[in-house]
Structure formats: C-alpha cells, structure tokens
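Chemist: Here's the letter readout for the chains.
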Amino acid sequence: MTTDLQKSFKEQMDYDELMNCTRCGFCLPSCPTYINSGQNEASSPRGRIALMKGVVEGRIEPDEKVEQQLNECLGCRACEPVCPSGVQYGHLLEQARTVINEHKSYSLPVKMLRKATFNYLFMSSKRMHRVHQLRWLYEKTLAQKLVRASKLLTLFPGEVETMERVVPKTVPPKRLNEWEEVEKGFGKQTKRVAFFNGCLMGTMFYETNQSTRLLLKTAGCEIVTPKKQECCGALHAHGGETEKAIQLAKRNIEAFENLDVDAVISNAGGCGAGLKDYPFLLRKEADWEKRAKAFSDKVTDISTLLASLDLGPLELSDEVVTYQPSCHLENVMKEKGNVEKLLRKVNGIEYVAMVDKDKCCGSAGIYNLVQPKMAMRILDQKMVDVAETNASVIVTSNPGCLLQMKAGIERERLTDSVRAVHIVDLLADAIRKRDSEEGDAHAVRNRH
Amino acid sequence: MLPKEMEQELIEVVGKDRFTSSKEQCYVYSYDATPGFQAEPDGVIRPTSTTEVQEIVRICSKYHVPIVPRGSGTNLCAGTTPTSGGIVLLFTHMNSILEIDEENLTMTVQPGVLTLDVVKRAEGADLFYPPDPSSMKISTIGGNINENSGGLRGLKYGVTKDYVMGLEVVLANGEVIRTGGKLAKDVAGYDMTKLLVGSEGTLGIITEATLKLVPRPEDKKTMLALFSDLETAAKTVSEIIANKVIPATLEFIDQPTLEAVESFAKIGLPTKAKAVLLIEQDGDEAVVAKDIYTMKRLCEEKGAISVTLAKSEEEAFALTEARRSALTALARRRPTTILEDATVPRSKLAELVSFINDTSKRYNVEICTFGHAGDGNLHPTCMTDERDLEEMERVEKAFADIFAKAVELGGTITGEHGVGEMKAPYLAWKLGDAGVEAMRAIKKALDPQDLLNPGKVFAKESKKRIVLAREGAK
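Those protein sequences? They're chains L and B, same order as listed. Numbering-wise, the working numbering puts 31 at position 31 of the first sequence, and it's gapless, one number per residue. Numbering-wise, the working numbering puts 177 at position 177 of the second sequence, and it's gapless, one number per residue.
Take the hints with a grain of salt, since some may be wrong.
As the list claims (entries may be wrong) - Below, in silico cross-link-like pairs of lysine to aspartate or glutamate (EDC-like), each with a Cα-Cα straight-line distance of 16 Å or less:
{"hint": "1", "chain 1": "B", "residue 1": "K23", "chain 2": "L", "residue 2": "E64"}
{"hint": "2", "chain 1": "L", "residue 1": "K298", "chain 2": "L", "residue 2": "E257"}
{"hint": "3", "chain 1": "B", "residue 1": "K212", "chain 2": "B", "residue 2": "E123"}
{"hint": "4", "chain 1": "B", "residue 1": "K266", "chain 2": "L", "residue 2": "E80"}
{"hint": "5", "chain 1": "L", "residue 1": "K298", "chain 2": "L", "residue 2": "E350"}
{"hint": "6", "chain 1": "B", "residue 1": "K220", "chain 2": "B", "residue 2": "E313"}
{"hint": "7", "chain 1": "L", "residue 1": "K191", "chain 2": "L", "residue 2": "E222"}
{"hint": "8", "chain 1": "B", "residue 1": "K23", "chain 2": "L", "residue 2": "D63"}
{"hint": "9", "chain 1": "L", "residue 1": "K284", "chain 2": "L", "residue 2": "E61"}
{"hint": "10", "chain 1": "B", "residue 1": "K235", "chain 2": "B", "residue 2": "E300"}
{"hint": "11", "chain 1": "B", "residue 1": "K23", "chain 2": "L", "residue 2": "D14"}
{"hint": "12", "chain 1": "B", "residue 1": "K274", "chain 2": "B", "residue 2": "D219"}
{"hint": "13", "chain 1": "B", "residue 1": "K430", "chain 2": "B", "residue 2": "D401"}
{"hint": "14", "chain 1": "B", "residue 1": "K23", "chain 2": "L", "residue 2": "E67"}
{"hint": "15", "chain 1": "L", "residue 1": "K284", "chain 2": "L", "residue 2": "E11"}
Claimed, not checked - To give a feel for the contact side, a few chain B residues facing chain L, derived at Cβ under 7 Å:
{"hint": "16", "residue": "V28"}
{"hint": "17", "residue": "Y31"}
{"hint": "18", "residue": "Y63"}
{"hint": "19", "residue": "G189"}
{"hint": "20", "residue": "S325"}
{"hint": "21", "residue": "A331"}
{"hint": "22", "residue": "R332"}
{"hint": "23", "residue": "T337"}
FYI, nobody ran anything at the bench for these hints, they're computed from the structure. Even glycine gets a Cβ: it sits at the ideal position worked out from N, Cα and C.
Here chain L stands alone, though its shape is the one from the complex (with noise of 0.2 Å):
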C-alpha cells in the first residue's frame, strides 16, 4: 500500500544523501537518544536514516513509530562532525518533517497552537513586542502570583511550569528600544558588525542582548542592527514549517545583505544555526541561494569574534565555572572552544569542564516542552555531570540551553548554590565590575 505520505517523502527526500550513510555506527555514541533510550537502534542517527530510506523505497510505511522516532530525535546534530561520510543528517531530518507535517492533520487546539506560534507569533517582531507586554502585565499584576498559587500550570503537559518559573523577569517594554541602529564602540574601532537581535534575544532575553552590545563595544566594535529584521526561522524549519522559514530567511538576508560589516554576530547558537543554514532553506529558491552564501559566511558567533579581540582584564570573585555548549553552536556553526577560551581569559573564576559537555542537555529548541519525558532523563544526567564540577556556574550560549539548565537547577533544588547564566552576561558582569571599580577609583582620585 502507497500512502500519499509514502510518495511525498519519495519525492523530496534527498535519496543521495541517504544513501551516502554506511551504517558504519560511527554516530551511535554521540547521540543522546540512542544512549537515553537504552541503546535503541531505532532512536540513533543511523536507525533514523534506516527508517527514513525505507519510507522511501517503500520497504516500511511511515507509521506511528516511525514518526514517534523521527520526533524524538533532538535535533542537536551531534552525530554530523562524528561522521567520516560527512552526511547531512539535519537537512534529513528537516526534509522528513516537513513531508509528516504537510499530511498531518492535528487536533484542533494543536492546530490553533501551531498556527498561533509558526504563522503569528514568531513571523514578526512586532507581535513578539506586544506578547512581551502581555508578559510584563501578567507579572506586574495579581496574575502570576494567582496562576503560581492554583498550580494552574502543572495542568499542562510537559515541563511548562518550571519553565514558567525560570524565564527572566520581564524587562519594561519602553526599554525594548534602548538601542540605535547604529551604535559606535569605545576606543579605537576595531570591527564593523551587524547584530542579529533575534527574537526571544530581543524581548525575553533582553539584558542578553544589551550585555552583548556592552562586550561589542569594549572590544571596539561598531554595532549595526537593522529594525528590519526578524525572527531568523529556525524554530519553522525545525518544525517541518518550511515555507515560512522561507520567508523569514529573505527578509532577514534583505535586511542586512547591503550592510558592509566584517560580520553578523548572533548571541544565541540555535539562532546562529538556522542563520548559517540559509543556503540550504533556500536552495530550491531561484537567484537566492548566492545571496544566502554570501550572508551565511558572514555569521558569527559573539564567543567566536570575542575571543579574537581584546576586551582588557577581566575580574570576578572566586567561583568554578562549567560550560554546557549550545549544540548547534558546535555541530553546525562549527565554532568550538572559544567559549572555554574566554573563560580562561577571566581571572578569580575557575572552568572545570564536564563529562560529555558536549552532549546536548534535552532543551533543543521546543524539544523540551514535546517530548518531555526524554529531555527529562537527559536533563536528569547532565545535572549528575554538572555536581562532579563542584561549579556554581553553569554558563551557557544559547537561551534554550539557559532555560535548560536552570530548570535542571530547580528540579535538583540547588537554586541557592548554583546558577546558570549566559556567557556574555558574565563577562558583562566582569566589565560592569571593572568600569564601577575605576569610577570610584576615579572618585577617589578627585576628592583628593
């Protein structure tokens, strides 16, 4: 029996690329879903790649279980640097999402929810805004303290309430705005560069973004950040919401394509990713593809470009330090190590880096809040890597990640010994501390 589903995915699964799996096993090891589910064949890359072939050669149908495992899979990309055949795993992945989600028919309130998230929400920057203020209302008035004490949200599937409890504090909406589309560095200019606001960066992580600017401009760098731009689509195109990915990469390559800067830089590794994937997204669009090169080469990831400039000595009070790197900062943009290299550079503090860091911590986009039970079991470990560390900080690149790990805070009840906290607000923190030193050093100076 041929089902539509099975003649779509024959149609644009990329078969060369399947094909050019071994099976050699190579990636077994570096999958958190073959090793969380018991060593599974089914839940690794290679068994994926297996089910997917056979969906299109119409060995198997794509049932159920098929879908269930091409769900489970994070998405971190872990097993793409561990593959000697170099095969692009993700883009496999991406293409079979979007062929079960065109023939899926959901349930009217997942309906609703997708429509309102991939269609509304995250298609513009705007809507962002106003939901932010929506936030602020909801914590500025009775009603969080009124959903917290009902325990309404433990109604909801998945991790919601302790999600709930760990976002940042919503900052003022006036102070969305606190920046120019063209801000000049301290000192000497040393770069010109574009900054991706991103979308949660730019609302719910907000303080993020203006930590990041702090470090941009002490290094000397000229910061342009077009008001055109938008959400950079990974989330739609993780979701098989291709389309609207799409969409999102032209307006974000029109947005900043005619900028002349040595670099975007993005603050956020799933954001980074999905910026770099631009070719791909849009290798079926005429005349697009060149234009997606030539913007995709030019993202960075801030670690990347900080650690090769100088941002002066760097000081916080004496506590370990461990990394949790952000996945697609380091299987797909492929920048690794600078973050460490960075925490190097700060004096008092000590990185001590974990067992298996670089096994993704289960948040993996919305991963988390859909398949809570696995990112769960994986959260449940790292938290065990992480108390080997005897760190106090757990530092992170990437807001995902940051949710991560301060829910697995919550859940192993270390909220007083140990916080999670992005590595640009860090050195932020360092810096702040510095120019607050020199101030009443200056102070003191002029009172003599």
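Starting from the structure of chain L, add chain B where the hints point.
Modeler: Then chain B, alone, in the frame of chain L:
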C-alpha cells in the same frame, strides 16, 4: 512472523518491554555495517541474564526459529544481518563489567559492554587491554569476541582471541558451559575458548567473558613516514620486521584514502604523498626511543620523502583517530563503499599491494588501500554505487581476483572481519572442501537444528575458485 504462542512464551521470559515484533524495531535491526545486505528479523529481544538467554534458546528450539546475537552492528561481513529471519538477541541489558582482578590481571565482562569501556576500565587500574578495532568506541566486547576482531595493534599484541581466557556460553540445546578460566595454563580437553572466539555466533551464545589484561606500557611514540610510491612503502614494512623491530602499530595508507581522511579530520595530513606509514611504538622509554630511531633510519634508507615524529600526545592521538575513520571517510567519494580484508604473510605485502593496483586498473574500478601493513592485513576498499549493477559485477570480479591472489600468496580471504554471509562463498578457497566439511561437522554437532545465526560462515553455494593466470615468468 512468529507464532503467537511463541511470542507469548518469550514475553513471559523477558516481559513486555524487552520483546517486540513491531515493524519499526524489526526494520532497524535488519542491517549491520555491511553494504548490500539487509533482511528483517521477526522479533527483537533483550535478555537481562544468562538464565533468560537459556530460556529464549529453548523456546526458539521448540519453534525452530533462528537466533542472531547482535552487539552494535558494526561488523563488515553481514555477520549480524538476520538473513534467515528469526530473532535478534540484543545485549543492551547485559552490559556490566563484573570484575577486575588485579591479582590475576583479568577482567570479567558481560557481552554488551562497549570495547572502549573495557579499555578505559583497564586503564583505570593502570592495566592495558590491547585489541583496538577501529569501531572500538561503538562495538561491544561480545561482538569483538564473536568476530575475533583485530585492530591497529595486532602486530605486536595480537587480536581479540589472544585476550579471551574464558567464556560462559549458552549452547543451542539450552545448556550453559564455561570454558577456560583465569588460567595461564589449561589443557583439560579441547580448547573450546579459542574455537568459540570468532565463531560468529554460530556455535553458542556468549553470555560472559574473562579477558586477559597486561601491564600498561610506560611510553608511546608515533611517527609518520611519507613515500612517493606504494611499493616502497610496502617494502619498508617488510624491512622493518626483517630488522627484528616489532612496532605496536604499522599502518599503511594510500593517497586517495589520505585525501578522504583529511577532508573529514582536517588535521593537516600530507595528502601529496603517494603512501604513508603510520608507525607507533610503545613500551619502556629507552626501548621506544631505540626502536623509533631504528625505524626512522630504515624508512629513510628505503627512500621515504620525510619521516616526522608526532610532537605531542594530542597530535599522536589525532593521527590514529584519523586512521580509524578511513573506511567511512572513503565513503564520501561514492555512495557505496565495499571493504575487504585480504591478508598475506608480511613478506608478501608489496606483492599484494601492486596486485591490487593492477586489478583496479584491469576492471576499471576505484580501489583505495589502507590497512594494518605490519600484519600483512590490507583493506582494499572499493568506491562504487550499488545501484549500478554492471559496475558492481566488475567490483565483485576484482575482489574475487584479490582473494585468489591472497590465498595463492599463502594468505587468507579475511584477516579480521569474519566470514559472515558475505565471504561464505569464498571460504573453501582458503580451507579447501575438506576444511569446510570439518568445520561443518563441528557446527552440526553443536547446533543440529541450525538455530544459531544460520546462513553464516557456510555458504549454500561455493564460488567457483578462480585460478589466476600467472603473469610473465614469475
């Protein structure tokens, strides 16, 4: 499809969670790392103990259903492809290191332990488990024992069989036997341990193994020698051994393989050289220094373009890691990669290398060569496309010629990958008909129902043996 009653009986043994006959599960256990082989089993089972394995075997015997034990499925001879259907037996729940005995220098393990974990655990006790197949990060020790896996250190340290001292095995009749033990000497009857190692799951199901450990070498040095042609490199290998130096590793890599590996590993390998020898020596500091010096001199005398010593442990590690990726890295070139492991006496290495080269030209197929030169164990690897049937036919002919040549040179059709289903048709070339019959008699005695991994080792039909036309006067 399994009989309903049988499924019920299996579930009674292991519980609902550890037996499945779902389409998805059967599909993902339909293959191993061997290209061109795929067949779905009828069920997948995950026992937790030897007793459960015994009960499973008894049930399978009652219903005449084959059993295929499987580790991580990285073998290259279709040894774990369930080509006769039946049940795939997984050891994911029998994966503990049971004991490390520092007085007898042994480690006792369950079959599902990853090879790398064995190595790491030994290192933790300042001991050493030498066998290191390229898939050691992924493969299980059970898989290694069943295939008698080799690796990069075979020349000096031997292979898996040299480190298995004792086994616990469930036989086809459901009985458990224990062979060998923590004994340096043991001549009580036939050496069943050696017989079972490398038997590819056809004689019994290994449920526990006692491994031999050795003291950890104090020092290690790694060196890379570059050559402008394949034969000089191959001759240098024989020269080193003839000079009575036994390095821990002596690997041969040709130019196309180097290019493929470099494009994956990006560690600055010398892709301009036509052939490279990766040489490693371990042991006492003074011995290592002396051997490395001798080998460097021999390489230079034989005409190496350059010989360089790895500057740090990291650099040395990167080199050996890169070599381990060779097979799969080659797969970047074409969709299908077929790898063989013809092996000859070391002294014949250069002859085999040039024969492989000529064969590749004769059949117009792309064959790259790398491998454990010090062991005379080469991995001629063919990059092809299984969709192109005409080309596949030429590939098969080329490999048949290579097997024939290897046997003619006093070698074998497989040095370390096993026979499985893939090389079964060629087994008689190495053993002769009487040799195959002797083995078949053992199989029949231990597994009269042909329950355990049927279709492996013994082919339904043997390939007609090729007699190579002698070239010239040689």
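Chemist: Run the distance test for K191 (chain L) versus E222 (chain L): straight-line Cα separation, threshold 16 Å.
Modeler: At roughly 6 Å apart (the allowed maximum being 16 Å), E222 (chain L) and K191 (chain L) satisfy the hint.
Chemist: Hinted pair, alpha-carbon criterion (16 Å max): K235 (chain B), E300 (chain B). Please report holds or violated.
Modeler: 12 Å, holds
Chemist: Is the hint on R332 (chain B) kept, meaning its closest Cβ partner in chain L is under 7 Å away?
Modeler: Cβ of R332 (chain B) sits 5 Å from chain L, so the hint holds.
Chemist: Are K212 (chain B) and E123 (chain B) close enough, with their CA atoms no more than 16 Å apart?
Modeler: 13 Å, holds
Chemist: Min Cβ distance, Y31 (chain B) to chain L: is it shorter than 7 Å?
Modeler: Hint on Y31 (chain B): holds, closest Cβ of chain L at ~6 Å, below 7 Å.
Chemist: Between K430 (chain B) and D401 (chain B), is the straight-line Cα distance small enough, at 16 Å or below?
Modeler: With a Cα-Cα distance of about 13 Å, the restraint between K430 (chain B) and D401 (chain B) holds, given a limit of 16 Å.
Chemist: Does the alpha-carbon distance linking K23 (chain B) and D63 (chain L) stay inside the 16 Å limit?
Modeler: 9 Å, holds
Chemist: Going straight from one Cα to the other, do K274 (chain B) and D219 (chain B) come out at no more than 16 Å?
Modeler: Violated, at about 30 Å.
Chemist: Is K220 (chain B) within 16 Å of E313 (chain B), Cα to Cα?
Modeler: Judged against 16 Å, a Cα distance of about 9 Å means the pair holds.
Chemist: Holds or violated: are the alpha carbons of K284 (chain L) and E11 (chain L) at most 16 Å from each other?
Modeler: It holds: about 14 Å lies between the C-alpha atoms, which stays within 16 Å.
Chemist: Can you confirm whether the C-alpha distance between K266 (chain B) and E80 (chain L) stays at or below 16 Å?
Modeler: 15 Å, holds
Chemist: Can you confirm whether the C-alpha distance between K284 (chain L) and E61 (chain L) stays at or below 16 Å?
Modeler: 27 Å, violated
Checked against the numbered hints above, the structure violates hints 5, 9, 11, 12, 18, 19; every other hint is satisfied.
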